[in-house]
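Chains A and B are the protein sequences, given in the same order. The working numbering puts the first residue of the first sequence at 1, with every later residue one more than the last. The working numbering puts the first residue of the second sequence at 1, with every later residue one more than the last.
Since the hints were made in silico from the structure, they are not lab data. Just so you know, not all the hints are guaranteed correct.
What follows is a list of derived Cβ distance ranges for each label pair [claimed, not checked]: (1) A:Ser-62 to B:Val-13: 38 to 48 Å; (2) B:Phe-47 to A:Leu-55: 15 to 25 Å; (3) A:Gln-50 to B:Glu-10: 32 to 42 Å; (4) A:Asn-18 to B:Val-14: 27 to 37 Å; (5) A:Leu-39 to B:Gln-83: 20 to 30 Å; (6) A:Leu-98 to B:Tyr-64: 22 to 32 Å; (7) A:Gly-3 to B:Val-85: 32 to 42 Å; (8) A:Gly-85 to B:Phe-54: 36 to 46 Å; (9) A:Ser-62 to B:Val-46: 42 to 52 Å.
With a straight-line Cα cutoff of 27 Å, these simulated DSSO-like cross-link-like pairs (lysine-lysine) come out [as the list claims (entries may be wrong)]: (10) A:Lys-57 to B:Lys-16; (11) B:Lys-38 to B:Lys-70; (12) B:Lys-3 to B:Lys-38; (13) A:Lys-11 to A:Lys-71; (14) A:Lys-11 to A:Lys-57; (15) A:Lys-57 to B:Lys-38; (16) A:Lys-71 to A:Lys-57; (17) B:Lys-3 to A:Lys-11; (18) A:Lys-14 to A:Lys-57.
Heads up, the beta-carbon is just placed ideally off N, CA and C, and yes, glycines get one too.
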Amino acid sequence: DTGVSQDPRHKITKRGQNVTFRCDPISEHNRLYWYRQTLGQGPEFLTYFQNEAQLEKSRLLSDRFSAERPKGSFSTLEIQRTEQGDSAMYLCASSDELADGSYNEQFFGPGTRLTVL
Amino acid sequence: AQKVTQVQTEISVVEKEDVTLDCVYETRDTTYYLFWYKQPPSGELVFLIRRNSFDEQNEISGRYSWNFQKSTSSFNFTITASQVVDSAVYFCALRGGGAGGTSYGKLTFGQGTILTVHP
Chain A
1 DTGVSQDPRH KITKRGQNVT FRCDPISEHN RLYWYRQTLG QGPEFLTYFQ
51 NEAQLEKSRL LSDRFSAERP KGSFSTLEIQ RTEQGDSAMY LCASSDELAD
101 GSYNEQFFGP GTRLTVL
Chain B
1 AQKVTQVQTE ISVVEKEDVT LDCVYETRDT TYYLFWYKQP PSGELVFLIR
51 RNSFDEQNEI SGRYSWNFQK STSSFNFTIT ASQVVDSAVY FCALRGGGAG
101 GTSYGKLTFG QGTILTVHP
């Protein structure tokens, strides 16, 4: 069983460009989460999916950000018209949860480090 | 709103010393979940432990132990006989829940404690 994988691991882009990141969760995990981590800070929640449904979005997720999980497996996070303030590590996590909250540990991928020049 | 505060920003110890990382949380949820994660220099967050708010038993796993005190809203983490490989950033995190133990989605993280263990 492989862990959560993310692609690419590093992305350097120029301000104003669009970028897309991919996350492949642990197989059969029903929940998938996106977080953002800036230097010296803890991860901050962006959004999460239960299967293909996007259940919650943070206020951090501006209109330039969009996330999808079309078939309830992998997910993509797109940032349009990138700004220097978008530079951060984007982390994906997954969990396999029961309705009563059991087994709700989230397992994280290695992250995608975005640098906006 | 939920909040997690990690009392120490940085801790430096010499190998074999015991070290405790303090975490204080705030939540209005009656059911909630607390976690500790380790982030080594490689960057990947590693899950260490989960504790439910309705289970106040402390836990020991090898050199690691956790002390959950609901009365003081604290969930502290102790490493006994620290080793150089323990050097990492450690995060405490909180997740709210509803009736019947249902769990909401997002984790709220503290700002992290940087632990450096010197040989």
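Hints, one by one, checked against the model:
| no. | hint | verdict |
| --- | --- | --- |
| 1 | A:Ser-62 to B:Val-13: 38 to 48 Å | holds (41 Å) |
| 2 | B:Phe-47 to A:Leu-55: 15 to 25 Å | holds (21 Å) |
| 3 | A:Gln-50 to B:Glu-10: 32 to 42 Å | holds (37 Å) |
| 4 | A:Asn-18 to B:Val-14: 27 to 37 Å | violated (49 Å) |
| 5 | A:Leu-39 to B:Gln-83: 20 to 30 Å | holds (26 Å) |
| 6 | A:Leu-98 to B:Tyr-64: 22 to 32 Å | holds (26 Å) |
| 7 | A:Gly-3 to B:Val-85: 32 to 42 Å | violated (20 Å) |
| 8 | A:Gly-85 to B:Phe-54: 36 to 46 Å | holds (40 Å) |
| 9 | A:Ser-62 to B:Val-46: 42 to 52 Å | violated (30 Å) |
| 10 | A:Lys-57 to B:Lys-16 | violated (44 Å) |
| 11 | B:Lys-38 to B:Lys-70 | holds (23 Å) |
| 12 | B:Lys-3 to B:Lys-38 | holds (19 Å) |
| 13 | A:Lys-11 to A:Lys-71 | holds (25 Å) |
| 14 | A:Lys-11 to A:Lys-57 | holds (23 Å) |
| 15 | A:Lys-57 to B:Lys-38 | holds (25 Å) |
| 16 | A:Lys-71 to A:Lys-57 | holds (19 Å) |
| 17 | B:Lys-3 to A:Lys-11 | violated (31 Å) |
| 18 | A:Lys-14 to A:Lys-57 | holds (26 Å) |
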